[in-house]
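These protein sequence lines are chains A and B, in that order. Under our numbering, think of the first position of the first sequence as 3, with each following residue one higher. Under our numbering, think of the first position of the second sequence as 696, with each following residue one higher.
Read the hints as simulated data drawn from the structure, not as lab findings. Any given hint could be a false lead.
[Unchecked claim] Beta-carbon label-pair distances, calculated as ranges:
| # | chain 1 | residue 1 | chain 2 | residue 2 | range |
| --- | --- | --- | --- | --- | --- |
| 1 | B | 716 | A | 173 | 49 to 59 Å |
| 2 | A | 46 | B | 798 | 49 to 59 Å |
| 3 | B | 904 | A | 262 | 44 to 54 Å |
| 4 | A | 173 | B | 884 | 32 to 42 Å |
| 5 | B | 772 | A | 89 | 52 to 62 Å |
| 6 | B | 813 | A | 85 | 48 to 58 Å |
| 7 | B | 904 | A | 89 | 36 to 46 Å |
| 8 | B | 748 | A | 217 | 27 to 37 Å |
| 9 | A | 128 | B | 816 | 31 to 41 Å |
| 10 | A | 104 | B | 943 | 29 to 39 Å |
| 11 | A | 17 | B | 813 | 35 to 45 Å |
| 12 | B | 765 | A | 173 | 18 to 28 Å |
| 13 | B | 813 | A | 111 | 33 to 43 Å |
The beta carbon of each residue, even a glycine, is placed where N, CA and C say it ideally should be.
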Amino acid sequence: MKSRKMLAFWCIVLGIIVFSTVFSGNLAPYEPNDMNLDEVYLSPGDGHLLGTDHLGRDVFSRLLGGGKVTLTVATVSVLLSLVLGVLYGGFSGYVGGIVDTALMRLLEVFITIPSLIIILSFQAFMQGGMWSMALIIGVTGWLSTARIVRSEFIRLKEAEFVQMAKMFGTPIWKIIISHLLKNSVPAIFVVTLFNFANAIFIEVSLSFLGIGVPPAIPSWGNMLYYAQNDILIGAWWIGLYPGILIFITILAINFIGEALKDPERRRFSA
Amino acid sequence: MLKVNQLSIEINGKRIVDGSSFFVPRGRITSIIGESGSGKSMTISALLNILPAGSKAAGQAFFDNKDLLAISNKEMSAIRGSQIFTVFQDALNSFNPSVKMGKQLYEFSGRRIRHSVAEFHLKMDDILNDLGLSKAIMEQYPFELSGGMLQRCMIACALYVRPRLLIADEPTSALDTLLQKEFIELLKGLNEKQGTTILLITHDLDIVAEVADKMVIMHKGKVVEVGNVAEVFERPKNAYTKRLLESRF
């Protein structure tokens, strides 16, 4: 029961963040890139809820607009890695045997290469923007999904109801979709949530290093990047709020994933 | 109906079933009885061509003059589709946990004999009613039903398909005594009303005494005795059969 309430609480928190960033166009009091050089470094208070930055841009509006960019990059990359992971893992697990062994060894080779380094070099060479970043995070992030899908498929394909369906002549595609994939959804969902948190973290890290989202587009990561200098002159609010928001978002996703991981929620365990 | 001749099964070079022969007469209930690991279930797997990987079956099994061990996969699926129906030990694991019963029952019955969904609902509702199941289960998931209800659902499919041979692999092991009795009555009814030939795998002598006409006793992968139930109970020939009969309560 306690974990249920926790789950509900963190879902609401994440829901508010997602909702307010998606509708940032309507909710934000200013345009995220509107400059006003008469009002630079205003501390949080009247007019500017969370203050302004070195160009007089409203921090609150930038926070909402930046969240939209960060969450979009994370979502797109996660969907991409989900598709890649399900295809690779599903194929490997379903076919089994030597193919499975070969594919898994290959996957282990990929896992040994830290993905941040690949993404870093890709972004540096390609001078990439927002979409190329989503692409590269997605292409490097499917490994854990593939592993989970593979193990679920191996577990399920031996299950009696799958054997039975096979015996009764159920078509292969139907077995894969409605027997194997459908029963792997809980596990896939959880690993995808953790991937999502990870994708946010990667976007933030890259933008913070200055090679992620281009400076013209606000994101939580590049807000932190520009806030570095401002902290030296005491403008703490420019860096603090994006930091808190990143922290809460990743925390919320992790708590939700942790609650859903609970094996009691599984319908089928063999 | 089904004539098994010198069936041997090897798994990874180890002999599980050794030269077993028996005969299942049409329209009767034949029971294979034996302790766990005696090769009963493996025999069935071999007949249905669902042996685990790495195993080999030799010998013959004639089902209407067709050798089940030699026919092509296509022919096999045709036979498994409409002529042989199998009920397994654990009904809960026989159903996909994330699909509603109605859809699955259709997969197991109506679709196999190419009936439309509307036809299926028309016919299945009556069958479920006869078995004391409400129509509401069609909208439920397998884990919302009890083991006994699920086993009855399986029988409902058998009633629908009207197979010529019903193979039940320890169908009552997961049920309590009352439900066991009920289930056995259902099998009997199926045999009497539709004339379905039944091959019942069990380790419960009481069930054999109750329903079966013929029995096949297996021990350590070998068929040790075959005969009419009444005769075997009266005058067991094999030493193992004698011990088995003495062990009854």
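Hint-by-hint comparison with the structure:
1. B/716 <-> A/173: 49 to 59 Å: violated (36 Å)
2. A/46 <-> B/798: 49 to 59 Å: holds (57 Å)
3. B/904 <-> A/262: 44 to 54 Å: Between residue 904 of chain B and residue 262 of chain A, where Cβ atoms are some 51 Å apart, the hint holds.
4. A/173 <-> B/884: 32 to 42 Å: With Cβ atoms ~33 Å apart, the hint holds.
5. B/772 <-> A/89: 52 to 62 Å: violated (28 Å)
6. B/813 <-> A/85: 48 to 58 Å: Because 37 Å falls outside the window, the suggested range is violated.
7. B/904 <-> A/89: 36 to 46 Å: violated (55 Å)
8. B/748 <-> A/217: 27 to 37 Å: Taking Cβ atoms as reference, residue 748 of chain B and residue 217 of chain A lie about 58 Å apart, which means the hint is violated.
9. A/128 <-> B/816: 31 to 41 Å: violated (58 Å)
10. A/104 <-> B/943: 29 to 39 Å: Given about 55 Å between the Cβ atoms, the range is violated.
11. A/17 <-> B/813: 35 to 45 Å: holds (42 Å)
12. B/765 <-> A/173: 18 to 28 Å: Since residue 765 of chain B and residue 173 of chain A have Cβ atoms about 25 Å apart, the given range 18 to 28 Å holds.
13. B/813 <-> A/111: 33 to 43 Å: violated (54 Å)
Hint violations for this structure: numbers 1, 5, 6, 7, 8, 9, 10 and 13, all remaining hints satisfied.
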